[in-house]
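Take a look at the letters that make up each chain.
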Amino acid sequence: MAKREVPSLWTGMDRKALAIGEFTLRQQQKRLSTWVVLLVGIAAMGVLTMFYVDAMTRDYEAIDNDGDSFDFDGDGYPNGQENLYGTDIFDADSHPGVLDPSILPDDQSVWINEDDFDWDALEDGSVGVDDNGDCDLESRTDSQKDANRNGIQCDIQLISDRYGGGYRVLSDGNVDEDPDDEAYALEAIHRSFVLAIGKLGVVFLIGIFVPLFMATGLIRNEMTSGTMHFMLAKPIARAEVFLYRLLGFYALAWAYITVLIALLALVAGLMGPGDGFYRFGDLGVWMAVWLAAVLAISVYGMLFCTLGVMWKHGMVLALPFAAWELGMILTTLGAPDASILRFSVIGWAMNIVDAGAAMAWQDTPLLIQMGLWGGGNGPLEGAEALNIFWSTPGLDLGALGTIVVSVLVLLFQAAVCWLLGSVLFKSKEIE
Amino acid sequence: MMPDMTQQGVAQVAPTPVAANVPVVYFNGVSKSYGRIHALSNITLGLSGGVTGILGMNGAGKSTLFKLLMGKLRPSAGQVKLFGMDPWKNPAPYANVGFVPEHEKMHDWMTALEFVSTFARLHGMTRTEAEREARRVLDFVGLSDVANKEIGRFSKGMRQRTKIAHALVNDPELIILDEPLQGCDPLARTTIMNVIRELGKLGRTVLVSSHILSEIERITEQIIILHQGKLVALGNLHAIRERLDQIPHTIRIIGEDARTLARDLLGHPAVFGVSFPTDQELLIQTFHFGQLHAALPRLIVENGHKVSIIDNPDDDLESLLHYLAGGNA
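Chains as they are written, first to last, in our numbering: chain A, 291 to 721; chain B, 12 to 340.
Chain B on its own, in the form it takes in the complex (with noise of 0.2 Å):
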């Protein structure tokens, strides 16, 4: 058979070899470590089908559960699974994955369209049919105005577009976006959001890390938690917001006296503790955070204290990781 030199006959994709009724990412005992450091221990999920969120600090093995999954990296323990195929030394199975990796480096001499058709050529399309399919996925995530300009020039939130719609162009069943939305502005933000928001309506399985709670909260209620390469929470997030709500939150106060304060918040049946680490700041312990929240306010107004500084030191996701962890250690 002669090379297709032209490169513009029908493209011949292959038929995507998925198994029936086997897990899209299947992970069983995997653990990764690098020496003496466990970047993963015993993983064991499956998953299939919708938005999944995997939120983590950073180190938290998010990127390393990925790139296990891309064949990236080797498991030293236990099995991986992409559509029932080990993906280590076999890129069979990327034919129907489309990633998105957390590196900010491109190929910033490469128009958009041009980075996209590039890469879809590598599923076999034709030119022609790569640069159709291009354009489609451009529009998809909102860059067809800008497709003809050097990645060099833009901003980070089209960069980001840009690589997503490398993922995409391939109309892949399974797409992987580690760390989608750092650095990007507020617009692009929105516009990746509903990207991925419109791919889980469209019954594709995606995986989305992030180590910021409140962006995964308003893309999807599946989540992951990951911690120290732990496991530490899979489920509904809402599922897991009541466990929390069974773990002591802290509120911290800074005013111009911390001991008459606490005396008048310890009334509260909701107060649970107090300390002071300066003279200047209380620290108080509840079970019933959001209860206490409320009532704050009206009660250091009514006993005229004056206060500065009211804040939830525990309500980020380094506290919440530490209780999941602590809880199932």
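Isolated chain A, as found in the complex (with noise of 0.2 Å):
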């Protein structure tokens, strides 16, 4: 006599969250509401990804930081060549044509942005090169050379600053005092770009709003409508129900925002400054965003399913949710290590990208330093918009240790609205 064979409580689970799966995903496609709902959403991350195409393609005037291209005597030398060889800036009888040997003229063009950052060197310590020389000048005092104290003749000291978390740039002077202005605004445009899209257009916005249309009504359209019914009538467990349908609705979900962040970094990654064809070095950041927009639409998606059990007008209940996750997301802009952020789960979902970008882009701290200093002389272009989306991970975790807890935190928090909703359900009477 053949054994039979006793199915295993796994396989007959798989069969079932298959079948519920593929049902609620083929159920969604066949909703236009799906599709205006998708459809609005990529048309909304269009319009912001115009706005940042149109930033990056126009033209930066490069700004006369120090003065250094104007030339105030009239004698055809920019003011800064005439300080390179110590002639007077005021009379138009001395300038460097005089001295033997004679010197030709800079063109004033030179002089504009003569003395940029030095990018590939920004970190805590003694950075900057004085490019021009205008710094080492034998008519210098020793004191002058050294003006921020720190032993070493014509460099900027970045300090960290312990408290503030953020750097103080002290500088000797004429050292780094004209950047590259469009150089500075193309790294800091395109750096907020990709983190005021990613954690407010895509893990926030697309986040929320795809689970709240979707979600809603995955339990609750059945029991109006009656097909629960159905469903209800088989074998299955009302907690797996939920489950299942959730798993469905997160084959669509995860899908679509795993390609819409892949044409956002598509877009940003061909369009943002540099030098190769593409920005790899973005590519953390975006995954950074991936798994906080994966993890947010999780629990939202959960939670919305479960306030529509609740409530046949669940999206009243979720809205004013939805209100206080924006007050949140706003909270992590200000003060990202709010200790009321750990009650919400954006404040988790932004630690996430926080973290990947910290891993990414180690120098923007110092980036947004440079750039509200400016070489002394305010803050350039794309410097404060860096400076409100960059935030510093809120947990004093370090940046991969964020990423652990936070994606710990964010699951938690789903398995407990799963637990919420199945328990509700389950003793949910349906007419």
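Misleading hints may appear alongside valid ones.
Said to hold, decoys possible - Heads up, simulated DSBU-like pairs for lysine-lysine below, C-alpha to C-alpha not over 35 Å straight-line:
id, chain 1, residue 1, chain 2, residue 2
1, B, K212, A, K602
2, A, K320, B, K317
3, B, K116, B, K160
4, A, K602, A, K718
5, A, K716, B, K92
6, B, K100, A, K320
7, A, K435, A, K718
8, A, K602, B, K100
9, A, K718, B, K92
10, A, K716, B, K317
11, A, K718, B, K241
12, B, K241, B, K92
13, A, K320, B, K116
14, B, K160, A, K602
15, B, K241, B, K160
16, B, K241, B, K100
17, B, K241, A, K602
18, B, K116, B, K241
19, A, K602, A, K716
If you are wondering where the hints come from, they were derived from the structure by calculation, not from laboratory data.
As the structure is a prediction and not an experimental result, all values here were calculated from the model.
Put the two chains together into one complex, using the hints given.
Following this line, the structure appears as structure tokens:
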């Protein structure tokens, strides 16, 4: 006699999961509202991207931050060139042309961006090179050459602020005093865009609206229309129905968010500043955005589906929560370490993005400070935007630790919502 | 163990946990109320095997009874047992149950085959197994020709038959059909009635509800009558009918001169009493409905009366129930 194969719990569950998951996925595909929600999401991200494309293709005026390109005395030599050779910038008869050997005048444009930031060397400590030699002049005293008193002449001392979490810039005079405005603006605006659209656009807006419109009714709509009777007349626990419906929704929502982020990463990687064909260095940030968005969608999906089970107007319950989350994401921009953020979903998701950005773009805090300093002449274009959208991760665990803890917290939140929704659904009488 | 991603294997359906010597359906003093409204009061019954018709007006508690069985509602008092198990918060008994809900709404975007096979997979069947079983039951209800058409394009009768197919896909021990004939065309009615009778012959326990006596009569003799949430009669339809003969029936006649007609009819031994709601209308009370009904045409013609309508306002379920409930009170 053939031994009868007893189905394991796992094969039974996985067949049911696949059946309901597939069913849910196809049901969503057949609904017009699904496509409207998804297309509106793409359109919204498209509009935001257009601002970015415009910012990347615009011409940025090179600004002479230190006045070196002017020619005060009208002798044909820019001030910067006269300073370099020690002639008087206010005396038309004193210029490098009368020196022996005679020096030909520079074009004024040479002295507009003559001493850019030293991008590749940005790190805590002594950085900066006096590119045009106007710091290390014989006419200047040693104390003038080491105004920041770090024992090194003609450098910039970057000091991490132990309390504020940022950096302070102390410069010896005339070092990096005339940054390349366009280069800085492109880099800062590019990073600001990636962070802004990643945090506010993908993780928050898409992450909350797609579940709001698609997950709130996953159980409730079936209960209202009476079609839930078909599913619940089968030997399947309601907690399973709840979970598998969500899995069907996740299949669509996760695929959608993946495509959306891939498109954004493609456009921003090709349009962004840099020598290479594509900015591969940004991929770490996009991966963090993807992880945060997938987890945010998972938690919101579970939560909204639960609210739908709780009350037939579940969306009315979901909206105040969405408003709370909006308040929380604005809080993360200003005070990323506020402890109230622990009581939100978006706060943990933002930790992931911030930690990912901190790993991929380690020089960003310095970039912000240098931009705000602007060679001693106030903020450069893009510096303030980057300062808003960049946050140091709120947990004192390092970038990787922050990601691990945040992922675990978000998974825990999703599990709690699932448990709550299942218990509610299980004890629900269905007319 | 790895997930069965291909879903092509042989179905491993769990052995059905049916306890022996336990009624399939068992209600013990079951009541269900919504606030102060009593949908069901103190129902006690046990059923096993055969087709049972559940008869009652809209709102009599037929659907509530089924929903209690299907674990959708929790009883306010008493015990509900399905194969000896409490169905509330326990889906295990449904491995042996097929349920046809009364709700009209279906997943219109699916084809009949998709609909039936999708829900078959919730019994733990593989994809291939589910499709084969779905084709079998769709053939059984006579829908194999349209198995690949969308349900949204089906007639009411075809939709009902699809629902029945979906309920039969696991070859259940107990089949519950909530108003399966409602809104169906005559052809679909006949098909559905045949399917139900066939299931009864196969030894399955079938519960079928209706608010139309003549429909139930064509399906089964074993009936349960519910009225205002109370169980007013249970047993063989013919036995219940005999009891009905002991209560007066009413015949209504509308003619030119009701009073003269009454005088001529009062002589008949079957007539128990008469009344005149209007000058043209005559109501006759009788304990021997069949006898009087047979004699009426001759009496009218012989006495030269002009009559436009003869009917029996009593001969509907409502008055039948009224008498039954009154008798029990």
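Hints versus structure:
Distance check on the hinted pair: K212(B) and K602(A) sit about 43 Å apart at the alpha-carbon level, beyond 35 Å; violated. At most 35 Å may separate the alpha-carbon atoms for a hinted pair to count; K320(A) and K317(B) exceed this at roughly 63 Å. Distance check on the hinted pair: K116(B) and K160(B) sit about 17 Å apart at the alpha-carbon level, within 35 Å; holds. A distance of roughly 12 Å separates the Cα atoms of K602(A) and K718(A); the hinted pair therefore holds under the 35 Å criterion.
At most 35 Å may separate the alpha-carbon atoms for a hinted pair to count; K716(A) and K92(B) meet this at roughly 18 Å. Straight-line distance between C-alpha atoms of K100(B) and K320(A) comes to about 31 Å, which keeps the hinted pair within the 35 Å bound. The hinted pair formed by K435(A) and K718(A) fails the criterion: a straight-line CA distance of about 78 Å is larger than 35 Å. Pair hint K602(A) plus K100(B) holds up; C-alpha atoms about 21 Å apart against a cutoff of 35 Å.
For the proposed pair K718(A) and K92(B), the alpha carbon gap of about 19 Å is at most 35 Å, so the pair holds. A distance of roughly 66 Å separates the Cα atoms of K716(A) and K317(B); the hinted pair therefore is violated under the 35 Å criterion. Between K718(A) and K241(B) the alpha-carbon distance is near 25 Å, which keeps this suggested pair within the 35 Å criterion. In summary, the hint linking K241(B) to K92(B) is supported, as the alpha carbons are separated by about 19 Å, within the 35 Å threshold.
For the hint linking K320(A) to K116(B), the alpha-carbon distance of about 16 Å falls within 35 Å, and the restraint holds. For the suggested pair K160(B) and K602(A), the alpha carbons sit about 33 Å apart, so the restraint of at most 35 Å is met. A distance of roughly 42 Å separates the Cα atoms of K241(B) and K160(B); the hinted pair therefore is violated under the 35 Å criterion. For the proposed pair K241(B) and K100(B), the alpha carbon gap of about 25 Å is at most 35 Å, so the pair holds.
The straight-line distance between the Cα atoms of K241(B) and K602(A) is roughly 31 Å, inside the 35 Å bound, and the hint therefore holds. Of the pairs offered as hints, the one joining K116(B) and K241(B) holds, with about 29 Å between alpha carbons and a cut-off of 35 Å not exceeded. Among the hinted pairs, K602(A) with K716(A) is consistent with the structure: their alpha-carbon atoms are about 16 Å apart, no more than 35 Å.
Going through the hint list in order, the structure does not satisfy hints 1, 2, 7, 10 and 15.
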